[in-house]
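> One letter stands for each residue in the lines below.
There are 2 protein chains.
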Amino acid sequence: MIEKVALISTGDELTTGRTVDTNANFLADRLFSAGFEVVAILVVGDDRERIAWAWRQAVDQAEVVISTGGLGPTADDLTTETVAEVFGCPLFLDEAVAEGIRQRFAAMGRDMPLNNLKQARFPRSAVILPNQLGTAPGFRLDVDYQAGRRHLFALPGVPREMKPMFVDQVLPWLLEHRGSDIAYLSRVFQTFGISESALDELVAGVVPAERGRLSFRAAFPQISVRLTVHGPPERAEREVAEWGERLRQRLGAYCYAEGDVSMEEVVGQELRKTGWRLAVAESCTGGLVGHRITNVPGSSHYFLGGVVAYSNEAKKGFLGVQKETLERHGAVSVETAQEMAVGVRERFAADLGLSVTGIAGPEGGSTEKPVGTVCFGLATATETFARRYQLWGTREWIKLLASQIALDWVRRHAIGAGLPETVRFR
Amino acid sequence: MIEKVALISTGDELTTGRTVDTNANFLADRLFSAGFEVVAILVVGDDRERIAWAWRQAVDQAEVVISTGGLGPTADDLTTETVAEVFGCPLFLDEAVAEGIRQRFAAMGRDMPLNNLKQARFPRSAVILPNQLGTAPGFRLDVDYQAGRRHLFALPGVPREMKPMFVDQVLPWLLEHRGSDIAYLSRVFQTFGISESALDELVAGVVPAERGRLSFRAAFPQISVRLTVHGPPERAEREVAEWGERLRQRLGAYCYAEGDVSMEEVVGQELRKTGWRLAVAESCTGGLVGHRITNVPGSSHYFLGGVVAYSNEAKKGFLGVQKETLERHGAVSVETAQEMAVGVRERFAADLGLSVTGIAGPEGGSTEKPVGTVCFGLATATETFARRYQLWGTREWIKLLASQIALDWVRRHAIGAGLPETVRFR
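Quick mapping for you: the protein sequence lines, in order, are chains A and B. For the first sequence, this note's numbering assigns the number 1 to the initial residue and increments by one for each residue that follows. For the second sequence, this note's numbering assigns the number 1 to the initial residue and increments by one for each residue that follows.
What the hints contain is simulated information worked out from the structure, not anything from laboratory work.
To list a few chain A residues with every Cβ distance to chain B over 12 Å, as calculated:
{"#": "1", "residue": "R102"}
{"#": "2", "residue": "D168"}
{"#": "3", "residue": "V203"}
{"#": "4", "residue": "E242"}
{"#": "5", "residue": "E245"}
{"#": "6", "residue": "A257"}
{"#": "7", "residue": "K273"}
{"#": "8", "residue": "R328"}
{"#": "9", "residue": "T382"}
{"#": "10", "residue": "G418"}
{"#": "11", "residue": "R424"}
Among the chain A residues that face chain B by a calculated CB cut under 10 Å, a handful are:
{"#": "12", "residue": "L7"}
{"#": "13", "residue": "S9"}
{"#": "14", "residue": "G17"}
{"#": "15", "residue": "T19"}
{"#": "16", "residue": "V20"}
{"#": "17", "residue": "T22"}
{"#": "18", "residue": "A24"}
{"#": "19", "residue": "V44"}
{"#": "20", "residue": "A54"}
{"#": "21", "residue": "F216"}
{"#": "22", "residue": "R217"}
{"#": "23", "residue": "V280"}
{"#": "24", "residue": "V296"}
{"#": "25", "residue": "P297"}
{"#": "26", "residue": "A314"}
{"#": "27", "residue": "G361"}
Taking lysine to any residue pairs in the SDA-like style, the calculated list, with each CA pair at most 20 Å apart, reads:
{"#": "28", "chain 1": "B", "residue 1": "K163", "chain 2": "B", "residue 2": "V127"}
{"#": "29", "chain 1": "A", "residue 1": "K316", "chain 2": "B", "residue 2": "R277"}
{"#": "30", "chain 1": "A", "residue 1": "K4", "chain 2": "B", "residue 2": "D47"}
Cβ coordinates follow ideal geometry from the N, Cα and C atoms, glycine included.
One chain only, chain A, in its complex shape (with noise of 0.2 Å):
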């Protein structure tokens, strides 16, 4: 019965600070998520004898172990005959391998150095993984080792490629080879605008806590639910969509997506549903909006551009924002928000405008506008909206989360759901 991971991270790079281990958080992500249990993260440098130590470390910790790094044609990439060494498993040249390492570089017109061989050669009863974006192949190694069956999987470094081969290769065979016939599935959800403890308030109940888990993770500024369902696989695959739908109702309006989906991509699906067309003025995001819109390819079907007025020249010249206004209500102001949608939409042409401005500090604040104040106007054919928010954080923290909003107020606007009177996070 396979239940527990231990991961090895490998690369001077890791223990030197140069890059973040972001390897062992995916892995760690997917195994928690699939029900198995990470007991210890080994990271080490490119050094034979520490290699060897992190692997005899974790193969008396956990069943399984899985690496990522050390696979490279370089002579500092030491993972695969470490692993032979320790466990005693001689090499052996994979020829197809050795073949299509061949092959690669003679498609890129190169000659291949000696040296790449090397990542054709694994140790005596490996199961060599395929790699599909790149010349380093991953490799299974089933060994007795004194505490037991050990399973041993050996991943390259570079995200890219690792990631699809533990997803593809990898998490399938964990699966099967559990030794049990319980599943976890699992479902995610996307939430902007509550904090953390009301969100666990709002879905109390929903999911009985002998079956199923749910828990969040916060990153600035959504939160994401995960629901966590274990059983039999029918049962579990039952309540996993049935306790999934319970919870999204909860969430409602909170909610913005299912899965790994960003609240743009969101703004962009609403805008090509319903044809309308966007143009954005933005004052303290300086940009921000449009960035995020922009990030979505194809967004040009629906965004139109827009105007970083950054000064009250600009606000008045491009957005056509009125002079008293600025001087009787200010630059930040619910009045001001509220010309500069209605000005950025008739300028575009768009079937919606949308607005920003505020005050993103560190500087700029007063008692009756504090740093944080920002508002937010929406303007359509027939209707307007403006609603001034005290946000908080750093200048980085209020462009996002104010960036965050403008977006949502698309999204609220679209599916028809009310624009929330405040924002919250923690």
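Chain B: place on chain A using the hints.
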């Protein structure tokens, strides 16, 4: 003699993949720069046995152990009591710390939950490390273990609290007790526009290999070059100054800053120096240039605003790009870029007009103008510049790289350096 350090990161959020372990990366980077070797990083969840295992392994591997996490007030914060147990140092309550915690709660107008007193308990003979930014102090414990004298540091897991504690309290202690009069000094330079291998050639011979080291860290789109010099303190100080200057001269205009300074901060500094006020016209970057400029506090002093002209209508209406120019040369052309820069400069009454127009992909490319074709323009009162580059990568990379080039143009123009013919990263 202290050379080797082992790191322990504790927390279920790490072993379940909810959080990336940035603490270990920060510590590894700082320790490496100071001449220490991180022999292993051990990551475990909030489990007493696993934490004990990690500490035992760590003291076997290194003279110094630095742990982060597990110092909070809740039942799953187990670092202090586990360390006390493993190393046979019973806990004591520090009255001064306890009183400080009580006062913190009083200042917030709240009663202190009793479990917060946990944070005032420390292993006997530990030296308390004050935490200016949170309730959890850290501690240092010197113990004689099987393998010899060991120095154990426990720090909180919140990065904002941990980092200053390490820099102000741990690192100075390590340097003082290194037991060697060898100093490790370093300087970091930020570069842009040149590949790592070309950098490597450019700086060859600047530093004698036996006494110093150059290391590169690529964080797209910039590459930082770190010079580390070791030797007797006085000599090292002289050499790091001298070689640093030599290095900076070699790097030339590719080097945009020393230290942890961003391109947008440098642009802000240069604009303040020259007194120039900037306006930007963006197409494919969608607002990213404005966003980055306004990430710098006080940017309203030199940034007037911009236009995100995603559609041709916006390029004509808001920026005065000629219909004929768009028809003859297309929206992505040096001609259009030039007119955008001139137009945005005039209409914002700015000193400097900056423009970007390109094809970020994945769609919209052609044989003549493939994805990654990006044109830039810069207009002053007396001159205009425009140039076309072939960029590469995903939509996200192309946008980011384009924004970096645009900012770099402003910097180069301000310091009187030429605008580059091409831009490289790898």
